[in-house]
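*Asks:* Start from the sequences and build out the full structure, keeping to the hints where you can.
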Amino acid sequence: MSAASPSNVTIRDIAKFAGVSAGTISRALKNEPGLTETTRQMVLSAAHELGYDFTNLRRKRMRRLTFLLHRQHNTAASSPFYSPVLHGAEEACRKQGIVLSFMAVGPADGVTEQLRMHAPDAIVCAGFFEPELLGALRASGKPLVLIDMKLRGYSSVNPDNFMGGCLATRHLIGLGRTRIGMISGSLGHYSVRERNKGYRQALFESGMLADPRLEASLPDGVDLETGACEAMQSLLALPNPPDAVFCYNDSAALVAMRCCLAAGLTVPHDVSIVGFDDISSAVLGHRPLTTLRIDKKGLGAMGVELLLRDQQDAPVEQVAPVELIVRASTVCDDWGPHK
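The numbering of the sequence shown is our numbering, which starts it at 22 and goes up by one.
If a hint is listed, it holds; no wrong ones were tucked in.
Derived pair list, reagent style DSS-like, types lysine-lysine, alpha-carbon separation capped at 30 angstroms: (1) Lys51 to Lys171; (2) Lys51 to Lys163; (3) Lys318 to Lys116; (4) Lys163 to Lys37; (5) Lys171 to Lys116; (6) Lys318 to Lys163; (7) Lys318 to Lys171; (8) Lys116 to Lys51; (9) Lys37 to Lys51.
With beta-carbon atoms standing in for the labels, derived distance ranges: (10) Phe225 to Gly55: 52 to 62 angstroms; (11) Ala341 to Ser100: 17 to 27 angstroms; (12) Phe225 to Val340: 16 to 26 angstroms; (13) Gln93 to Glu251: 16 to 26 angstroms; (14) Thr60 to Lys116: 34 to 44 angstroms.
Hints listed in this document are in silico derivations from the structure and should not be mistaken for laboratory results. For each residue, glycine too, the CB sits at the ideal point set by N, CA and C.
*Replies:* So, in structure tokens, the structure goes:
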């Protein structure tokens with residue numbers, strides 16, 4: 022084949038280079054059914070080798086969208102957050118006449134093969150995904166948006182996790198609390214990491230020392246209920262335990278509250294507790310939970326709207342506001358910093 026600049030490489034050029042028909046090339050690039058995965062990967066490799074510009078593919082109307090959730094989030098503890106996100110995406114799709122399918126996936130699940138059976142025009146990935154898994158999904162050539170995760174080179178929609186961490190901690194500082202702890206999940210998750218940064222920033226702004234002993238993370242390899250309980254117990258066992266705790270999400274905060282009660286402490290008199298996400302059960306605990314409200318259905322809808330836009334030269338990163346909702350886990354009528 023004669024040399025051609027990458028921007029001028031055509032489907033026919035790829036067909037000649039790969040020794041297959043132009044129709045096979047087109048179906049492979051559009052991730053359409055009717056090909057083996059070996060042929061599809063051979064075509065994609067040839068296209069990448071020749072420098073084919075994937076934006077040359079005609080952008081057809083989106084008719085099918087697949088919503089992917091990592092298996093680690095497909096749990097009872099994560100469902101109160103991600104189920105509304107999925108419902109928001111589904112409602113946005115219904116308004117646009119788009120069929121939405123759902124898959125819970127992990128690195129060992131043969132994601133590429135499963136995705137080919139769904140034959141989506143675009144993909145939404147919700148929550149944490151390994152960069153390698155995202156790379157395999159991106160190789161399909163389908164438009165892709167991340168929700169509740171951020172990674173360089175990808176379009177994403179996230180709540181303002183950093184500001185939420187700031188607001189939660191400032192609220193506790195304003196109540197006169199002086200030893201404010203934090204219970205975190207894995208800092209490998211973008212949302213948890215940003216919430217932790219907001220917590221530290223608020224302490225810095227107030228001139229309070231960030232005591233590393235007051236930060237506890239859920240141990241690896243345990244469920245949220247067990248991990249959050251162990252983290253709270255480790256804070257309560259300190260010689261000078263915290264008088265307030267900011268938890269990375271509501272489920273952890275509700276567990277932390279139960280641990281305090283089991284230890285004979287009262288909430289918020291002895292320990293004020295703040296969560297994050299405002300899940301439906303946040304108001305069902307011993308004390309209704311102070312938390313950061315996220316429009317979870319709105320996140321799902323924003324992800325779909327981002328995919329419906331024309332292709333962008335650069336990834337788009339959208340941030341949704343959060344709102345501090347003050348309830349009885351931090352304040353009540355018969356308690357105050359001066360009493």
